[in-house]
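My request is simple: use the sequences and hints to build the entire structure.
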Amino acid sequence: MRMTQGCFSFLPDLTDEQIAAQVQYCLDKGWAVNIEFTDDPHPRNTYWEMWGLPMFDLRDAAGIMKELADCRRVYGDRYVRISGFDSSHGWESVRISFIVNRPREEPGFRLDRQESVGRNIRYSTHAYAATRPEGERYADQ
Amino acid sequence: MNVQQSMTVRGKDRYKSGVMEYKRMGYWEPNYEPKDTDVIALFRVTPQDGVDPTEACAAVAGESSTATWTVVWTDRLTAAEKYRAKCYRVDPVPNSPGSYFAYIAYDLDLFEPGSIANLTASIIGNVFGFKPLKALRLEDMRFPVAYVKTFQGPATGIVVERERLDKFGRPLLGATIKPKLGLSGRNYGRVVYEALKGGLDFTKDDENINSQPFMHWRERFLYCMEAVNRAQAATGEIKGTYLNVTAATMEDMYERAEFARELGSNIVMIDLVIGYTAIQSMAKWARRNDMILHLHRAGHSTYTRQRSHGVSFRVIAKWMRLAGVDHIHAGTVVGKLEGDPNTTRGYYDICREDFNPLHLEHGVFFDQHWASLNKLMPVASGGIHAGQMHQLLDLLGEDVVLQFGGGTIGHPRGIQAGATANRVALEAMILARNEGRDYVHEGPEILAKAAQTCTPLREALDVWKDVTFNYESTDAPDFVPTPSMAV
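Residue numbers (the working numbering), protein chains in the order written: chain V, 313 to 453; chain C, 118 to 604.
Misleading hints may appear alongside valid ones.
The calculated EDC-like cross-link candidates involving lysine to aspartate or glutamate, where the alpha carbons are at most 16 Å apart (straight line), are [stated by the list, open to error]: (1) V:Lys-341 / V:Asp-398; (2) C:Lys-295 / C:Glu-324; (3) V:Lys-341 / C:Glu-515; (4) C:Lys-129 / C:Asp-192; (5) V:Lys-341 / C:Glu-552; (6) C:Lys-199 / C:Asp-224.
Facing chain V, from chain C, some residues (calculated, C-beta under 10 Å) [stated by the list, open to error]: (7) Val-277; (8) Phe-285; (9) Arg-335; (10) Arg-347; (11) Ala-351; (12) Asp-466; (13) Glu-470; (14) Asp-511; (15) Gly-514; (16) Val-541; (17) Ala-545; (18) Ala-567; (19) Thr-570.
Simulated restraints on C-beta separations [claimed, not checked]: (20) V:Phe-368 / C:Pro-214: 58 to 68 Å; (21) C:Asp-153 / V:Glu-404: 26 to 36 Å; (22) C:Phe-331 / V:Gly-388: 46 to 56 Å; (23) C:Glu-368 / V:Leu-423: 30 to 40 Å; (24) C:Pro-230 / V:Trp-403: 23 to 33 Å; (25) C:Lys-251 / V:Arg-431: 48 to 58 Å; (26) V:Arg-431 / C:Gly-531: 19 to 29 Å; (27) V:Arg-371 / C:Asp-369: 37 to 47 Å; (28) V:Arg-371 / C:Gly-514: 17 to 27 Å.
What the hints contain is simulated information worked out from the structure, not anything from laboratory work. The beta carbon of each residue, even a glycine, is placed where N, CA and C say it ideally should be.
Here it is in structure tokens:
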């Protein structure tokens, strides 16, 4: 399966040139670009690991692409996303977020159902990969 | 510069028993400067033939505040001058002989804090049936910050909604389940699942899906949540479906909303026809229960559509932002329902900005500060399809839910394909916009390119390529831009 979080997951994987253009868009808007990675793709896993701090002062897409290359070298078997953070009043949150790296195989999610009172069912979603400890989840690839 | 004189009778003569013209009773004060703390209303007043326009406008001020048809001595037991609404400006409506814009200021003490019901009981209470008027329309209102701050505002707001859904940088995508009546719970959930799995973020109950013989509400909720959770696991993305909790009584609505919460829904829905008080109750419930609150503006066109009489939708949008809903249908411009581009732009600004500057070409008559009240997500729904994506993004921006009901479910290869077509079209357009391309003009090319790697999009473009709804709008702004002198 293909996990479809982020802004561009329904398009073919972005090339580095396309990623750089999106990064430049964020920089032109004055947003801080952030690189994050994870091997737990659960839809409610909010806090992916940060590859350093958000780059508040970096104004050059090439510099961010170099950081991305470094991140991929270490965590190329995990999900990596780029986000643009807008600190202006009234927003103070993420403005855009998109995936720039994926594990080669995405085994997807298991949906568990627990029958409850009446016909009520409690649902929970498990990433198959997350049954293994962090760091070993996509290790076979 | 206002050279008109006040006609107000003062002192003892003002309270002589009998009938006195409204403009002489203190409801016409051309030299009054509205205070920052006043509520201001702008009415379009069309007096009956032979009625003096100033008197008609003063009567609107009177009948929407303290006046009755005759002088009463009991006014003298109050600080009557403070409580009188004051019409301070009357302008002829451009290109509309016989109609006048009346600007009326109301002291803040006339209103109960935090109550849309109280506000509307004054402003659109008795006065709309007043005999000396042929027609009356409430065009716009200005609320002072002190009053705005007495309202909760949107339970969730655009920013927190996006954070909860983990969706940033693009409009959200939705679809209303069709046919809107007749599906059983089990069949209904099938449509929800297909649409969400195919790529939509939300699906939606229609306004009149409540609890009918073909589908009891609990059936709908149970099957819909199965569909939402299945789609979430199939995509790794957060999904939602607006469960319509509209019902006959507040008790029923609370029961339905609580069941939705129990099942893990992240959003519930209400219809405008439940009334302002019920809407505010549900907004408070939604905030207490971490729930996004969708409002379907069912019924609004009965009073918003005609320019001569009723209430402008921009006023309804302001009331609903105060009342505290998170989503409101605000027009598509290009779709099947009424919507002039400039007027619609005005509605969207009212929903989404922290400050609305006066902008007559968009029908916005006042500066409005929202004092950090949450932003309200506009929803565009009705007769839109993937082939219009560049226009929709240009006209409506990024913070909007685009709802393609027919444009998803009517896809020749099925609902999932329809949803995928919409999602791919949207992502391709955002990508192109962010790359700095002239996406409005190159839109068809961008879509055609994206369709090369997405068969469902190609099929959608083929089926709906020429569908447009070009009819003249019945509610365009009165002020059109005039070219300014070149300097």
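Hints not upheld, ascending by number: Violated hints (numbers, rising): 12, 14, 15, 27; every other hint is consistent with the structure.
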